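Using the hints provided, position chain R relative to the given structure of chain E.
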Amino acid sequence: MSKTKFSSSRRTVIKSAGAAAIYAAFGPLAFRDAQAASKLTVGVIYVGPRDDFGYNQAQAQAAGILKKMPSLNVVDEEKVPETIAVQKTMEAMIEQDGAKLIFATSFGYFDPHVLKMAAKYPDVRFAHCGGLWTAGKHPKNVGSFFGYIDECQYLNGVVAAHASKTKKLGFIAAKPIPQVLRNINAFTLGAQSVDPAFTTRVIFTGDWSLPVKEAEAANSLIDQGCDVLTCHVDGPKVIVETAEKRGVYSCGYHANQAALAPKGYLTGAEWDWATPYKLLVDAALTGKPMINFLRGGLKEGFVKMSPYGPAVSAKAKKVADADKAKMVKGDFVIFKGPIKDNAGKTVIAAGTSLKQQDPILEQMNYLVAGVIGKA
Amino acid sequence: MLTKRLDRWLPLMESVGIPIAALLLAMLIFAIFVAIIGQSPATVFYLLYQGGFGSAFAWQNSLLRAAPLILTGLAVAIPAQAGMVIIGGEGALALGALAGAVAGVALSGLPPHGVQAGILFAGMLGGGVWIGLSGWLRHYRGVNETISSLLLSYIGIALLNHFVEGPLKDPASLNKPSTRPIGDVNMIGNLPGMEVHYGLLFGALFALVTWIALRFTTIGFSLRIVGGNPRAAQMAGLRVGWWVVGAAAMGGAAAGMAGAIEVAAVQGAANASVLAGYGYAGILVAFIARQNPLAVIPVAILLGGINAAGGILQRRLDMPDATVLVLQGIAFVVIIASETLSGRLRVWRSTPAPVKPAIPATGASV
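Same order as they appear, the protein sequences are chains E and R.
Take the first sequence: its position 347, counted from the start at 1, is 347 in my numbering, and no numbers get skipped.
Take the second sequence: its position 129, counted from the start at 1, is 129 in my numbering, and no numbers get skipped.
It should be emphasised that the hints constitute simulated quantities derived from the structure, not laboratory data.
One or more hints might be untrue.
[What the hints assert, rightly or not] Covered by chain R, per the in silico footprint, the following chain E stretches (three or more residues, Cβ under 8 Å):
1) 96-109
2) 292-302
3) 332-345
[What the hints assert, rightly or not] Quick list of simulated restraints, FRET-style, between CB atoms:
4) R/ALA56 x E/ASP123: 19 to 25 Å
5) R/LEU317 x E/GLY330: 28 to 34 Å
6) E/GLY373 x R/VAL209: 34 to 40 Å
7) R/GLY183 x E/ASP282: 36 to 42 Å
[As the list claims (entries may be wrong)] A few chain R residues that don't get close to chain E, going by computed Cβ distances all over 10 Å:
8) ALA35
9) PHE57
10) ALA232
11) LEU341
Quantities reported herein were computed from a predicted structural model and do not represent experimental measurements.
Cβ atoms here follow ideal geometry from the backbone N, Cα and C, with glycine treated the same way.
Chain E on its own, in the form it takes in the complex (with noise of 0.2 Å):
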């Protein structure tokens, strides 16, 4: 009996200097999840790494802008592929740290992950990178934001144009989905503006992340004698890496890689997330309803265009200036009929002009002509 007592007694006084001990060395912590309670919680999820040179570090951009407001508490996780994983990393943000508002960054992220959680918390806001948001089908504690970067494209395709003497351009390409080909038939109709023989190579790699093909990809198209390259895969780094090393020139994508080929990056088509981002934030601090459908290009900031490397001449700048005054404006239209595609139909008809805001432009199945490549 009294041995019960005394070992019961022994393992209490364990028991409080442990506490004591933990409360000493994580105290801090706690001190800083009492604090995040008084300001906005803001999570942002992306699906590769922060620093890719690409799709992940623009967002980490915007992020990083946020972390600086003085009225957020700002939390990313990086990596986060599109399972159960981004799921629970959602749920944790709002559980563990109290986040009210998500940016979901990745477009796999949407279906079925986050409609599952905004369906489960209606009270947290998601952003959602790309997606397509749908009144009535789709909860309204959901929003998409995207920008017209095919703006930025087609101003690539008039400086390529250019600096290119052998009038091929090469373009390597993740996926044949609708944004991608968007973004080939703008960068190949930017360069057509300047002398219609142009034509582009397009290989598709077939996944966002693989650099040893994109690499492959860049040699390949540099030895058919294409002499700009540029790209759409979520970190550029390799192509613009193999280009430059190859002396051809290269247009960026996603953000700016130009530390990567001071030679040969002749610009290139970045994103501005911070623009989409403070909105969204703007909205859940002021307590206005979400935004459901945010879209912008070059007019509202949503992209922008890479500073010019020094082998861009005077006169490329000069066309190139003249045509994005029109797009800040919002008088440029891409995509102005008649337009054929690579296999000789006409997509889109004399006399047609689709604005960017159309929403048959987010559905783009076809390659226009001069493309050298198949969807």
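Chain R alone, transformed into the frame defined by chain E:
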């Protein structure tokens, strides 16, 4: 009397004690690594515990992540009984997901339980045929099964992508090519009272049944003979080819089932999102579990917990995602290295060194 009882327990203590000691050593090395990059190891371990097992939510998070790993772990552990090193679980998972999604759409109209059974069966069939092919190549064509399963895995992944983006694409899935959805009514739900889907139970049952079969029936004995010495097995009248192909196919069936569960419990359709590396993580699970199908369960849960905790490290300490990969990598190397200690430590011997067992638990043949 006492020594006799000790003798019975010592092998078990050894097989549990060495991996646990190795894990502790791995954690120590990881603590040094954490200290070097300027973080407090105590805080990191506290957060790892919090994020993985510190609350009901954390437990469910870990169990959900463990569910596919149990099955992909079995995909390595079952063929290992017959002396094969199979690393192509990811491809079997891809084909299991594809077959499951096709079955789900084809069977829609049946009662949901019928559809779900069909999905799981189709997934097992898809994965089983694929890795079974690896076993066939090894026995009848002399192709190394490690290489062939890896190459077949690439083909399996390519087949999934081809069908999802081509012939089986749902026209409504514009920017995320997927097969047609199997429908909400046919989705596999959660275990009662938990937010963990039935996939965890299916995986655990698969592991348990495999363990019982290997331990208490002639199946396990035959497999070990085949794995230990195929010629002796043949002399004893065992149909070696049948056992080799069968073990490979059962492993593939486990990975295929993991893919089918991803479709039926999580994604609702087959698409590239099912390729999240579960097949490769299963290799790690099986090796840490020393190819024991029952040990695969706790190891998968531990790994699921570490993955679940990776998120909280990122969010609280701004540490990169690679942190938990470093921990996993250290654990893997230390545990593999510690295997050589089995049967060599004096502490484990109460009586003069026993005769070495004739049949090693695992290991390459001839």
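- Provide an ascending list of the numbers of those earlier hints which the structure does not satisfy. 2, 3, 5, 6, 9
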